[in-house]
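Undergrad: Listed here are the chains, written in short residue letters.
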Amino acid sequence: DAGVIQSPRHEVTEMGQEVTLRCKPISGHDYLFWYRQTMMRGLELLIYFNNNVPIDDSGMPEDRFSAKMPNASFSTLKIQPSEPRDSAVYFCASSLGTGAYQETQYFGPGTRLLVL
Amino acid sequence: AQSVTQPDIHITVSEGASLELRCNYSYGATPYLFWYVQSPGQGLQLLLKYFSGDTLVQGIKGFEAEFKRSQSSFNLRKPSVHWSDAAEYFCAVGAGDTGRRALTFGSGTRLQVQP
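Protein chains in written order, with our numbering: chain A, 844 to 959; chain B, 163 to 277.
What the hints contain is simulated information worked out from the structure, not anything from laboratory work. Do not take every clue at face value.
[Unchecked claim] Interface residues of chain B toward chain A, partial, derived using beta-carbon atoms under 7 Å:
1. Gly205
2. Leu206
3. Leu208
4. Arg263
Even for Gly, the Cβ is constructed at its ideal location relative to N, Cα and C.
With the sequences and hints as input, model every part of the structure.
TA: Here is the structure:
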C-alpha cells in the first residue's frame, strides 16, 4: 500500500512567487496534518484536517499561508507571496480516525522548499 | 500545553555499543508518546509508541522505550547500535484525550555511529 505522497519533493523559487505543495494521504485515513521543519523551530504543526474540514490552523504563520482539502485524497498548502524565511521542509502526515484518543501519524517524504 | 525536551542535541556511539536517547515530556494527563526516526533527506518513520499498558514498549529495528511516569520520561534504548542507525531521532507527545490530534515534537537528537 502506498504511503503518504507529497509533491514536489524539491522546490526552488524566488521571493514573491506563489508556491503550492501537494499531499495525498493514505487511503482511508481521516486526519491530515501539515508540519514544517526548520533548524530554528524544529518540527511544528501548521494545520490539520479531519474529514476534509480544517480543525486547528493555529500554527499557520500568517495570511500568506493557506491550506485546503477539497476531497479525502488530496490537500494543498499554498504560500503566496513566498519569502526567504519560508524555506523549510514541509511534511504531510495522515492518520486513521477510529475514535481512539490518538492514532499513529504516518509521514510523507517531505517537500524541501528554498525561497531565494 | 504539552511539551517535549530532548536534552541531547548530538550523540556519538561506537558500533556495537548500547544506546539511550533521553526524552522528557510535560503533560498533565496520561500522554501518548512516540519515537520517530528521520534519515537524511527522508521523512519520519515511526519506531514505537506508547498509549497505555506495559510501560516497556518494543519497536522496530531492535529499539525499545520505557515510559516512567514518575520521571516524565520516555527514553529510547537499543542494546547494540548498527551503523545504519545513524539518523535523527524525535520524541513526540500527543494530547489526544483533549480532542487535539496534533503531535508536539522535541528538537531531536542526532545520532552518529563510529565504526
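Undergrad: Now tell me, hint by hint, if it's right for this structure.
TA: Results for each hint:
With a least beta-carbon distance of about 4 Å to chain A, the hint placing glycine 205 (chain B) at the interface is held under the 7 Å criterion. Because the closest C-beta pair between leucine 206 (chain B) and chain A is about 4 Å apart, less than 7 Å, the hint holds. Interface hint at leucine 208 (chain B): satisfied, since its Cβ lies 6 Å from the closest Cβ of chain A, which is below the 7 Å cut-off. With its C-beta approaching chain A no nearer than about 6 Å, arginine 263 (chain B) sits inside the 7 Å limit, and its interface hint holds.
Of the numbered hints stated above, none is contradicted by the structure.
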